[in-house]
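S.K.: With the hints as your guide, set chain B onto chain A.
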Amino acid sequence: DVKVTQSSRYLVKRTGEKVFLECVQDMDHENMFWYRQDPGLGLRLIYFSYDVKMKEKGDIPEGYSVSREKKERFSLILESASTNQTSMYLCASIQTGTGAQVQYFGAGTRLSVL
Amino acid sequence: GDSVTQMEGPVTLSEEAFLTINCTYTATGYPSLFWYVQYPGEGLQLLLKATKADDKGSNKGFEATYRKETTSFHLEKGSVQVSDSAVYFCALTPTQGGSEKLVFGKGTKLTVNP
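Residue numbers (this note's numbering), protein chains in the order written: chain A, 1 to 114; chain B, 115 to 228.
Please keep in mind that the hints were generated in silico from the structure rather than gathered at the bench. Every residue, glycine too, gets a C-beta built ideally from N, C-alpha and C. Among the clues, some could well be false.
[Unchecked claim] Here are a few chain A residues that face chain B, going by a calculated C-beta distance under 8 Å:
id : residue
1  : Val12
2  : Gly40
3  : Leu45
4  : Phe48
5  : Gly108
6  : Ser112
[Unchecked claim] Covered stretches of chain B, going by a simulated chain A footprint (3 or more residues, C-beta under 8 Å):
id : stretch
7  : 152-165
8  : 218-228
The shape of chain A in the complex, shown without the other chains:
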């Protein structure tokens, strides 16, 4: 069975802390994504990676960075957490190729920054 695992379901951090959100997929997928989900705004793409050590900015990369040292793992980093980064964070992965490929999502990490 396909699996995307996010390391934490809930996190509470303080303003200014450095925060790491981890995501692991077991499907040998090349592409991985980080989204944030906010009420009334839907899902917005923060960063994505199409290969190890490769990354591209999404629609809202400010305040975030990412790391992909191994194919199965994609980390989202909040260098200095702020209250406006309180949100639900979703990781997804997909295999490249032709046709309508399906993205597989983790269960999400709900981050609260106090």
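M.R.: Quick look at chain B alone, frame taken from chain A:
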């Protein structure tokens, strides 16, 4: 750029009622279209998809038809159940391969009452 517009919720129905959630898109070329569903406390999962004009995607009693002439992909179900309560997202991915990025609508929350 590409975009997806779906009807705003929340939508509240009684069990066995008919459901329609409207979705229209703007895209160049021939995108693939998707409906994803997010049950409470979970990540997103694919509900159905369609890859070309006049294709009908179907799953769990839900259906949506890819209408190129009206740039629409409306979600329908003839008789909803309490277990269908969730947030539904319409999404597209561009025709050309590559990053396989998804563009999401803002989501529609459905509540089905017994």
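S.K.: For which of the previously enumerated hints does the structure constitute a violation, in increasing order of number?
M.R.: Of the numbered hints, 1 and 6 do not hold.
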